[in-house]
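Asker: Both chains are sitting in their own frames, so use the hints and assemble them into the complex.
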Amino acid sequence: MQIYLPIAEISANFMTLIGMGGLVGFMSGMFGVGGGFLMTPLLIFIGIPPAVAVASEANQIVASSVSGGLAHWRRRAIDIRMGVILMSGGVAGSYAGVQLFKLLRALGQVDLLISSSYVIFLSVIGALMLRESLHAIRETRKGRPIRVRRPGQHSWILRLPLRMRFRQSRLYISIIPPLLIGFLVGMLSAIMGVGGGFIMVPAMIYLLRMPTNVVIGTSLFQIIFVTSAVTVLHAVENQTVDIVLAVLLMIGGVIGAQFGAIAGQRLRGEELRALLALIVLGVACKLMLDLVVEPAELFSIQRLEVGP
Amino acid sequence: MKTAVAFLAVIVLTVLCASSGMAQKAQANALVADLSKDQIRVASNFTGERILLFGAIEGTSPAGASDVVVVVRGPSENFTLRRKKRMAGIWVNAEARTLGPLPGYYAVASTRALADIAPVSERAKHQIGPKYLRFSLVSQTPEAATPPASPGDIALYHDSFVRIKSGQNLYSVDPSGVSIIADRLFRAELTLPSGLPFGTYITEFFLFEKGRVVGYQTGELSVTITGLEQWLRVTAHEMPLLYGLFGVFIAGLMGWGVAILFRRV
Chain A
7 MQIYLPIAEI SANFMTLIGM GGLVGFMSGM FGVGGGFLMT PLLIFIGIPP
57 AVAVASEANQ IVASSVSGGL AHWRRRAIDI RMGVILMSGG VAGSYAGVQL
107 FKLLRALGQV DLLISSSYVI FLSVIGALML RESLHAIRET RKGRPIRVRR
157 PGQHSWILRL PLRMRFRQSR LYISIIPPLL IGFLVGMLSA IMGVGGGFIM
207 VPAMIYLLRM PTNVVIGTSL FQIIFVTSAV TVLHAVENQT VDIVLAVLLM
257 IGGVIGAQFG AIAGQRLRGE ELRALLALIV LGVACKLMLD LVVEPAELFS
307 IQRLEVGP
Chain B
176 MKTAVAFLAV IVLTVLCASS GMAQKAQANA LVADLSKDQI RVASNFTGER
226 ILLFGAIEGT SPAGASDVVV VVRGPSENFT LRRKKRMAGI WVNAEARTLG
276 PLPGYYAVAS TRALADIAPV SERAKHQIGP KYLRFSLVSQ TPEAATPPAS
326 PGDIALYHDS FVRIKSGQNL YSVDPSGVSI IADRLFRAEL TLPSGLPFGT
376 YITEFFLFEK GRVVGYQTGE LSVTITGLEQ WLRVTAHEMP LLYGLFGVFI
426 AGLMGWGVAI LFRRV
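Sequences listed follow chains A and B, in order. For the first sequence, the numbering used here assigns the number 7 to the initial residue and increments by one for each residue that follows. For the second sequence, the numbering used here assigns the number 176 to the initial residue and increments by one for each residue that follows.
Pulled out of the complex, with its shape left as it was, chain B reads as follows (with noise of 0.2 Å):
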């Protein structure tokens, strides 16, 4: 249904651009794009939810010539990596290093293979793919037995972050998640798995022709957490003490109320 109501969206956009004759746009190519929703509410039964993300390539260049990358980038933290090393037959963490500004999620879709679409050097500039974003050490961990980090340690230490990341659904690489329809239209679908970052996402739409970037457009998309659950959070780690004592009222209200349903005479 929601994808039917984009659907329609994308259409009547095309007619509008097209009737302007896209005359607002200097440039002979561009794009124009938008959500599905901007924004996201978690609330106790989240598990995920599908957005989609779509637009129209304004433009006269010859058909299957250009190509659109998404990237949906959540709010940057600052994130410790430990590393497990083996100490008298145990596995315990014996590295740390922070690692950051880094979206705590990413996500990036496109019509085919990044490699394929543009060089190393455009989408290093365009922080393309998990692998170009820019980050640096941030040196205040801590441990002060870890060593100082070499090139190599920042990259494996990058890797693991991504891959760590990965796993959890939290980055992720679609080289087919771009669709063109009609040298037009394009559409992507991703999916936001539960365990989302809070707060404010950016949403980049590139286009690229012969590996250059043509066409871009930026958004953003809210990931905000709801209800109880958000009064919750914000009581834990606002009104620490306040929280402490509703668990405790909590617990002791439940263990009471139990003992009166079960007493046995």
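One chain only, chain A, in its complex shape (with noise of 0.2 Å):
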């Protein structure tokens, strides 16, 4: 069944787009991660334009982020504080890379900026997870216990002035690192359509060295209003949110990260991270070769707005 998308101006088939909804919910459902870089490369790969794909993705990760949000909330699991010096800077990068994007795209070169922007991220994480799980695998199979590698000292960054106390995070740091930390993946978000959780979750750890257990749910706390701010932001500047399409996708996503869920618990944690780094390095290489191979077709239309 074909479903006429308003924005993207295209049909595309129903099912398949609840099924892609679907799969990647599943993913993200297993692996925990919030799945829009997967998305939106799939979105460009079926078709929809890439400036439509991106701005409606960020659409159905706020619904994402609701639904995964409220859970860590009922936990108490989430630093409200650090999540709004977060979400701060996040709004303010996103804002930036909206008028990044709206930029490029009067230049004619967002889809470059969205094609290449991932491919260096997901090859960049994509080959980072993979080095990580595949050790793991080799230290378990030597029946070693995995040593969690701490992190090297940062604290000369967390020492930085304007500091403040972070109850629930049990730090009081300098308020500037999660400032900036937010900053780059709000304009990753506008640019890329993702949550960003998969910078935002490290540099929490790593950089801020919070403790585990709020991170998660703080990093969804911030994507929520982040990813609004990034799709009111798109839509007020690019007119590119689908609401149709991101309906659909919730859709099948909600479904599909139930059924993750319950698969992820039956499979081993490092098997299941070098399998998502094999998907994620599969996708960079099929945006790379998209860039580097002549395309069939080298013109392509923009029809111009006749609007008031």
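Just so you know, these hints were derived from the structure itself, not from any lab. The structure displayed is predicted, hence computed values, not measured ones. Accuracy of the hints is not assured; some may be wrong.
Stated by the list, open to error - Okay, the calculated bits of chain A under chain B, using three or more residues with CB under 8 Å as the criterion:
#: 1; stretch: 110-120
#: 2; stretch: 210-223
#: 3; stretch: 232-242
#: 4; stretch: 301-309
Claimed, not checked - Over 10 Å on every C-beta distance to chain B, these chain A residues come out as not near it, computed from the model:
#: 5; residue: Phe51
#: 6; residue: Leu76
#: 7; residue: Leu106
#: 8; residue: Glu138
#: 9; residue: Leu140
#: 10; residue: Leu164
#: 11; residue: Leu177
#: 12; residue: Cys291
Backbone N, C-alpha and C fix where the C-beta goes; we use that ideal spot for every residue, glycine too.
Answerer: This is the structure:
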């Protein structure tokens, strides 16, 4: 069954979209990741204009982060104060990201911005994840307990001025690093249509030294607001949010995530991560090839907005 | 069913024309035409629509001497075309030109190949065939780096435009799309694909004899978006802030609903 997407201006198969939402939802439930970094490339692969894919995916992530965030809220596993600081940086970053997006869109280079951001981030993260999980698998095979590597000291960053007490995280640190991290992730969110948990979570653990029990909840908490800001800003500046598309992805995503979470409990952590790393690298390769191999059609058409 | 009704209409039309003795037309040869539908509504389940264009030839010319050409043309817009070039190993949009005004949809159907029906001059005059659509280069492209266009460039861009549009089924040429029945009636069936631009379409019917237009009729067809899609589209473009907030609201509501639904105690 075909459904017309009013902003993307194309018809797409209803079941394909729900199915993709389900598949990515399943993987996000299984691996415990957001899934935006897989969904946006998939949408581009099926022919959704990249600018619409990014903005609509940000809209979908609002839904998944609200449902995920609420679960952590009930367990009181959110550092609200830290979340607000990260989010302030994040909203500023998303504004900057949307402006950059708008500028490059007018120049016809936004597709390149999206693809190259994906290639860079997916290959770096995929490679790091693969290395780490393979290492873990080897260690477990040898019967050695996995040592949790303590990161190097970054304490000078945390001792910058403008310190604040974060009771929930038992920290007394400068707000400059969280503001900057928030800004960077907000920008990525606007450009790539992701929540940015894959950057935010490691940054919180290794740079801000937050206790792991509040990391996921706080990350989700700030993602709700940052992706909301991204959605509204893209709607205002670029008119690229397709609500019909976003809602279909939400429906699929919700169902998929429930089954994914069940499946994830039956598989071993390291092997899961290695599998995810391979998927991430595969997507990065496909995007890279699309940039490097001579396209069949060298020309593209963009209708000029005949707006007021 | 629709086809049958349309055929009935054609027959009635012919009878009427014959009985009135074609007295109203000074021209010896002319045509009367209509279409099965003058309004296409695009809703969420729109996957394209077939329309029937039909009519009757009035006149006394010998059998087989007449050709009918049907043109359907969508609303005109300006289009920016970008050309990819390899730079530092990757393919990037390197050149851009804005062409326009050109119709967002263009279909021509005829009784035989256009080249056999009329000479180039006549086709160019009536803009029959994508090749003969008149347009100009619109200069205000944001890319300053694009060099000035040569005539060869303009042709290349125009050809590429037609090629891409044809690939999307938005431009079509069908040299056997019009059939003439009993030297009097003609009919053409056209499939309007999804992805149609919205607005007022012009339908044109040409009657050709010996390479010249001897009969002409024009009509209109409107393509509109309806229902929820229309509301979303209008809101997205005219009240973008409200639209964005609505998107966030829906997402928040769904996320919250799911959290309640799947709450594990």
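Asker: Against this structure, judge whether each hint is valid.
Answerer: For each hint, the structure was consulted:
| no. | hint | in the structure |
| --- | --- | --- |
| 1 | 110-120 | holds (count 6) |
| 2 | 210-223 | violated (count 0) |
| 3 | 232-242 | holds (count 7) |
| 4 | 301-309 | holds (count 8) |
| 5 | Phe51 | holds (17 Å) |
| 6 | Leu76 | violated (4 Å) |
| 7 | Leu106 | holds (15 Å) |
| 8 | Glu138 | holds (29 Å) |
| 9 | Leu140 | holds (30 Å) |
| 10 | Leu164 | holds (33 Å) |
| 11 | Leu177 | holds (28 Å) |
| 12 | Cys291 | holds (14 Å) |
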